[in-house]
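Residue numbers (our numbering), protein chains in the order written: chain A, 364 to 576; chain B, 51 to 636.
Taking lysine to aspartate or glutamate and the EDC-like style, the derived pairs with C-alpha atoms no more than 20 angstroms apart in a straight line are: (1) B:Lys382 x B:Glu407; (2) B:Lys276 x B:Glu252; (3) B:Lys178 x B:Asp157; (4) B:Lys87 x B:Asp101; (5) B:Lys382 x B:Glu304; (6) A:Lys467 x B:Asp227; (7) A:Lys511 x B:Asp417; (8) B:Lys221 x B:Glu188; (9) A:Lys467 x B:Asp234; (10) B:Lys373 x B:Asp340; (11) A:Lys467 x B:Glu230; (12) A:Lys502 x A:Glu557; (13) B:Lys547 x B:Glu514; (14) B:Lys87 x B:Glu174; (15) A:Lys540 x A:Glu504; (16) A:Lys569 x B:Asp417; (17) A:Lys467 x B:Asp235; (18) A:Lys467 x B:Asp146; (19) B:Lys198 x B:Glu225; (20) B:Lys498 x B:Asp463; (21) A:Lys467 x B:Asp417; (22) A:Lys502 x A:Glu550; (23) A:Lys467 x B:Asp206; (24) A:Lys502 x B:Asp417; (25) A:Lys467 x B:Glu152.
Have a look at the derived ranges for each label pair, beta carbon to beta carbon: (26) A:Glu550 x B:Asp606: 24 to 34 angstroms; (27) B:Asp609 x A:Gly505: 31 to 41 angstroms; (28) B:Thr260 x A:Arg566: 36 to 46 angstroms; (29) B:Asp266 x A:Glu550: 53 to 63 angstroms; (30) B:Asp609 x A:Asp552: 29 to 39 angstroms; (31) A:Leu555 x B:Lys498: 55 to 65 angstroms; (32) A:Glu550 x B:Thr260: 33 to 43 angstroms.
If you're looking for bench data, these hints aren't it; they were derived computationally from the structure.
Just so you know, even glycine gets a beta-carbon here, dropped at the ideal spot from N, CA and C.
Here's the letter readout for the chains.
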Amino acid sequence: MELHLGLALPTNPFSPIGYEGPFYTNVNTSNGSCSSGGGAGGSKKRRGFDEETRVVPKTLRLLLWKTDQPDDEDDPNDLDNSSSSSSAILKNDGEGLVGWPPVKAWRKKPRRHVHNGRGRGRANNNRMAASKSTYVKVKMEGNAIARKIDLSVHGSFESLSSTLMRMFNITEEHWQKSFKLAYQDREGDWLLAENVPWRTFTRSLKCIKLIRR
Amino acid sequence: MESSELKRSKDSVNSCESARRSSFPDEVLERVLSLLKSHRDRSSVSLVCKDWYNAERWSRTHVFIGNCYSVSPEIVARRFPRIRSVTLKGKPRFSDFNLVPENWGADIHAWLVVFAAEYPFLEELRLKRMAISDESLEFLAVSFPNFKALSLLSCDGFSTNGLAAIATHCKNLTELDIQENGIDDIGGSWLSCFPESFTTLEVLNFANLTSDINFDALEKLVGRCKSMRVLKLNRSVSLEQLQRLLVNAPQLAELGTGLFSQELTIREYEELESALSNCKNMHTLSGLWDATGIYLPALYLACTHLTFLNLSYAALQSVELAKLLAHCPQLKRLWVLDTVEDKGLEAVGLNCPLLEELRVFPADPFDDEIVHGVTEAGFVAVSFGCPRLHYVLYFCRQMTNAAVATIVQNCPDFTHFRLCIMNPGQPDYLTNEPMDEAFGAVVRTCTKLQRLSVSGLLTDLTFEYIGRYAKNLETLSVAFAGRSDWGMQCVLGGCPKLRKLEIRDCPFGNAALLSGLEKYESMRSLWMSACNVTMNGCRLLAREMPWLNVEVMKEDGSDDSQADKVYVYRSIAGPRRDAPPSVLTL
Numbered sequence: 364m365e366l367h368l369g370l371a372l373p374t375n376p377f378s379p380i381g382y383e384g385p386f387y388t389n390v391n392t393s394n395g396s397c398s399s400g401g402g403a404g405g406s407k408k409r410r411g412f413d414e415e416t417r418v419v420p421k422t423l424r425l426l427l428w429k430t431d432q433p434d435d436e437d438d439p440n441d442l443d444n445s446s447s448s449s450s451a452i453l454k455n456d457g458e459g460l461v462g463w464p465p466v467k468a469w470r471k472k473p474r475r476h477v478h479n480g481r482g483r484g485r486a487n488n489n490r491m492a493a494s495k496s497t498y499v500k501v502k503m504e505g506n507a508i509a510r511k512i513d514l515s516v517h518g519s520f521e522s523l524s525s526t527l528m529r530m531f532n533i534t535e536e537h538w539q540k541s542f543k544l545a546y547q548d549r550e551g552d553w554l555l556a557e558n559v560p561w562r563t564f565t566r567s568l569k570c571i572k573l574i575r576r
Numbered sequence: 051m052e053s054s055e056l057k058r059s060k061d062s063v064n065s066c067e068s069a070r071r072s073s074f075p076d077e078v079l080e081r082v083l084s085l086l087k088s089h090r091d092r093s094s095v096s097l098v099c100k101d102w103y104n105a106e107r108w109s110r111t112h113v114f115i116g117n118c119y120s121v122s123p124e125i126v127a128r129r130f131p132r133i134r135s136v137t138l139k140g141k142p143r144f145s146d147f148n149l150v151p152e153n154w155g156a157d158i159h160a161w162l163v164v165f166a167a168e169y170p171f172l173e174e175l176r177l178k179r180m181a182i183s184d185e186s187l188e189f190l191a192v193s194f195p196n197f198k199a200l201s202l203l204s205c206d207g208f209s210t211n212g213l214a215a216i217a218t219h220c221k222n223l224t225e226l227d228i229q230e231n232g233i234d235d236i237g238g239s240w241l242s243c244f245p246e247s248f249t250t251l252e253v254l255n256f257a258n259l260t261s262d263i264n265f266d267a268l269e270k271l272v273g274r275c276k277s278m279r280v281l282k283l284n285r286s287v288s289l290e291q292l293q294r295l296l297v298n299a300p301q302l303a304e305l306g307t308g309l310f311s312q313e314l315t316i317r318e319y320e321e322l323e324s325a326l327s328n329c330k331n332m333h334t335l336s337g338l339w340d341a342t343g344i345y346l347p348a349l350y351l352a353c354t355h356l357t358f359l360n361l362s363y364a365a366l367q368s369v370e371l372a373k374l375l376a377h378c379p380q381l382k383r384l385w386v387l388d389t390v391e392d393k394g395l396e397a398v399g400l401n402c403p404l405l406e407e408l409r410v411f412p413a414d415p416f417d418d419e420i421v422h423g424v425t426e427a428g429f430v431a432v433s434f435g436c437p438r439l440h441y442v443l444y445f446c447r448q449m450t451n452a453a454v455a456t457i458v459q460n461c462p463d464f465t466h467f468r469l470c471i472m473n474p475g476q477p478d479y480l481t482n483e484p485m486d487e488a489f490g491a492v493v494r495t496c497t498k499l500q501r502l503s504v505s506g507l508l509t510d511l512t513f514e515y516i517g518r519y520a521k522n523l524e525t526l527s528v529a530f531a532g533r534s535d536w537g538m539q540c541v542l543g544g545c546p547k548l549r550k551l552e553i554r555d556c557p558f559g560n561a562a563l564l565s566g567l568e569k570y571e572s573m574r575s576l577w578m579s580a581c582n583v584t585m586n587g588c589r590l591l592a593r594e595m596p597w598l599n600v601e602v603m604k605e606d607g608s609d610d611s612q613a614d615k616v617y618v619y620r621s622i623a624g625p626r627r628d629a630p631p632s633v634l635t636l
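The whole structure should be built from the sequences, with the hints applied where relevant.
Okay, structure coming up:
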């Protein structure tokens with residue numbers, strides 16, 4: 364299940380062709396479980412991000428964990444050489460923007476093999492790999508801009524929460540009172556991160572969302 | 051001659067003729083005008099009077115056609131009887147980014163047929179964004195016995211078989227330049243098609259091709275073409291093979307290496323280094339696929355007189371680039387990947403004071419998980435160190451208004467400013483404001499600006515600035531920008547020298563489109579896609595302006611009334627007859 368992030372100008376009803384329209388995520392908190400509304404397409408649904416007036420027409424595919432061996436230790440330095448497994452590449456086949464960024468077709472060839480092929484103690488080889496496996500998107504309800512955090516530096520919900528508080532400028536008190544931590548798992552279901560062990564949480568999550576109580 | 055002089059001096063009706071005290075014989079006039087090379091000068095000359103128009107058309111040997119549909123080959127042949135060299139451009143530029151349907155047109159064949167009849171002594175053909183088939187290449191190869199130079203840039207429709215035909219038949223070939231094309235690479239045997247007796251090649255560029263070539267044939271070819279000055283290899287040529295080629299061609303001025311990564315012995319490395327440094331004339335270096343820090347030092351001695359370095363196939367890190375640039379003090383043009391990051395660009399600023407052109411390409415343009423690349427800091431660093439910078443193409447993921455203002459203050463001579471902030475509609479990341487002031491600073495400060503590409507979050511204010519200040523602007527590219535028709539109207543009402551306007555995904559509609567009615571006749575073309583223009587608006591434009599071709603390309607499943615992609619251009623050839631069904635001519 365993909366989360367589409369799309370905004371249009373609130374006063375200008377134009378809907379440029381070539382990308383998905385805005386998408387409204389419905390998070391039902393009353394019974395503790397969440398589900399997301401579907402349906403991309405040209406029709407505009409409610410936009411909850413009034414303070415944003417810019418168009419973000421891109422369809423953002425969420426970063427996926429390496430899902431091949433869910434029971435293995437997630438060693439960020441151990442990524443296989445086939446780069447396609449955990450990358451989020453915008454394709455031109457109905458998703459994302461056609462012809463953007465404006466680079467010529469022959470430049471589209473991924474250069475991942477360049478880094479992997481160098482070997483010999485190159486720090487950047489692992490650095491590239493690390494960034495792909497542990498960064499997760501975080502969004503706050505009411506704020507259109509998605510942020511990214513490196514989950515590998517956290518070992519607990521406390522650690523994660525304090526980083527998120529700093530990132531979104533939320534005080535401890537405000538956090539306790541008004542926010543809950545929700546996440547979308549690999550099956551596409553939205554769940555609350557309340558009663559889940561940390562390990563289960565990190566293994567199954569695709570992205571995080573801060574929702575208001 | 052004297053009687054004609056008398057006759058002309060009596061004739062006072064034509065002010066041009068009466069102003070002349072002594073008239074030039076046509077032959078002298080033609081001789082003088084034949085020295086004129088610039089096609090703009092020639093256009094001006096042809097407008098002076100009828101005699102000059104005729105002298106110009108008879109003395110012209112090269113014709114440049116910026117839009118192949120603006121004129122027909124018959125009209126060209128009628129006006130210019132003595133052409134030896136033709137440059138033709140076809141598809142709209144956005145076809146490079148897959149925005150134009152596959153079978154759109156711009157096929158060269160009809161032109162070749164006319165040229166074969168009217169210009170049998172044609173020597174040069176340079177094509178950009180044209181469709182050219184193997185049959186056409188073969189027809190070209192056999193129809194023009196004096197043919198010397200073929201250059202294909204961003205073309206498509208042909209395979210290596212077509213190249214084989216050229217190699218086989220063109221006995222006087224001096225230039226074969228195949229760049230960035232959609233070519234069907236069947237194999238490298240085309241190189242063997244050059245006959246043993248063939249020695250005239252000066253320019254050979256096949257960097258575009260992906261398949262292995264017949265190295266033996268290449269080595270022999272390079273060995274016997276002693277005048278070769280440009281050689282650009284493809285990726286399949288190894289370092290060891292490169293060394294063998296270079297020992298036989300130390301005269302090369304432009305070199306494109308093949309793969310720059312291989313296990314070499316120390317002896318082989320030294321031989322390579324020696325072969326490279328023996329190329330005393332080398333001023334341009336490219337290729338360098340997969341170049342790493344290990345073998346780059348082999349280039350150091352060869353870089354002393356380098357003026358153009360193209361590293362856009364080598365994903366270098368900042369330290370590697372810095373070390374290399376320390377040996378390139380004469381550099382004027384540099385193309386790199388953004389893997390060099392801001393630190394690499396700092397090294398550019400420190401080492402390349404003569405730099406005039408910088409292009410920074412994204413190594414991973416479609417992956418938004420990447421947190422690397424270059425930022426505003428790198429661009430600013432270059433601007434401090436390189437005051438002569440006048441051409442920039444910069445792909446980045448963040449930018450600020452303040453940074454751009456600093457950059458143009460340091461480098462006020464920009465003629466080409468192409469900034470691509472890769473996330474559409476992204477504001478100044480520090481202030482969260484639109485990037486209007488950045489481009490305002492560019493157009494206000496850079497009075498010589500000819501080409502501008504804008505990006506980021508932009509309101510109509512950007513276009514007000516452009517219309518008001520960009521008096522020399524000829525080409526403008528806009529994407530995901532603007533708020534209303536007013537933006538586009540400002541540009542159309544302002545920039546007096548505007549020739550090409552290409553717009554995608556902007557809220558400009560019919561009012562904007564129609565505000566440029568007279569303007570479009572002084573422009574080469576207008577492209578608008580994914581905007582708010584409707585079919586009715588386009589029909590109105592077509593009706594009002596009979597000298598414009600108004601073409602609409604519809605997308606599958608779109609509203610009937612929407613004009614998804616609009617391409618408008620002036621033409622004296624009338625509406626084109628070779629449009630595919632997806633292109634509607636109004």
